[in-house]
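**Q** Each chain is listed here by its residues.
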Amino acid sequence: QKEVEQDPGPLSVPEGAIVSLNCTYSNSAFQYFMWYRQYSRKGPELLMYTYSSGNKEDGRFTAQVDKSSKYISLFIRDSQPSDSATYLCANILTGGGNKLTFGTGTQLKVEL
Amino acid sequence: ETGVTQSPTHLIKTRGQQVTLRCSSQSGHNTVSWYQQALGQGPQFIFQYYREEENGRGNFPPRFSGLQFPNYSSELNVNALELDDSALYLCASSSKAQGAISPLHFGNGTRLTVT
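Listed in order, the protein sequences are those of chains A and B.
With positions in the first sequence counted from 1, the corresponding number in this note's numbering is that position plus 485.
With positions in the second sequence counted from 1, the corresponding number in this note's numbering is that position plus 58.
Simulated from the structure, these hints should not be mistaken for lab results.
Heads up, a few of these hints could be off.
Said to hold, decoys possible - With a straight-line cut-off of 30 Å between C-alpha atoms, the simulated DSS-like cross-links for lysine-lysine are:
1. Lys584(A) <-> Lys71(B)
2. Lys594(A) <-> Lys541(A)
3. Lys541(A) <-> Lys154(B)
4. Lys487(A) <-> Lys527(A)
Computed from a predicted structure; not experimentally measured.
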């Protein structure tokens with residue numbers, strides 16, 4: 486079992502839709518949770534970063550962490566074609582320095 | 059603010075050869091990490107450097123080695139290249155502070171193809 490799991494997609498939605506991207510993890514020692522966006526032929530770009538359970542909002546993006554069920558979500562409101570990318574969730578262990586453990590990523594396509 | 063820059067962007071090597079990839083950290087960052095991203099996969103941690111010393115290593119063989127220089131730039135060296143080493147190699151920088159986690163900022167990577 487991989488430590489961090491994501492559905493690879495592709496997930497295709499119409500412009501303006503609310504997108505839900507999900508990630509599960511198996512290691513209870515993960516304490517920091519991040520979402521990265523990766524466009525084709527580019528490096529990952531940090532979107533959201535959170536430590537605690539609950540919601541964190543930044544513009545059209547909301548990250549949700551449920552440590553009790555080891556479940557992480559990223560919601561995108563009013564999705565745009567420019568949101569088409571691969572979304573990677575990444576976790577960090579307590580005391581693990583800055584080593585990120587990534588999921589495989591979910592490919593998202595927002596269509597006009 | 060200058061972001062993380064990597065060179066070269068693309069590279070083709072033959073099995074058994076050696077390769078050196080380079081990375082310049084984002085301004086103000088003192089820690090560099092290297093990740094390998096195979097096609098369709100998430101990045102996998104290779105190692106991290108802080109104050110010119112290796113500060114954590116993932117599940118990669120010793121033929122993967124690195125350096126960090128006083129200006130915080132870094133190199134990744136891979137010896138005896140294998141076909142499975144074909145991947146996107148990503149450098150990420152961050153600012154290490156006592157007791158704190160600093161988000162990583164990635165470069166656009168070097169695409170290595172081993173034939």
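**Q** Next step is simple, just say for each hint if it's right about the structure.
**A** How the hints compare with the structure:
no., hint, verdict
1, Lys584(A) <-> Lys71(B), "holds, 28 Å"
2, Lys594(A) <-> Lys541(A), "holds, 24 Å"
3, Lys541(A) <-> Lys154(B), "holds, 24 Å"
4, Lys487(A) <-> Lys527(A), "holds, 24 Å"
When held up to the earlier numbered hints, the structure conflicts with none and fits them all.
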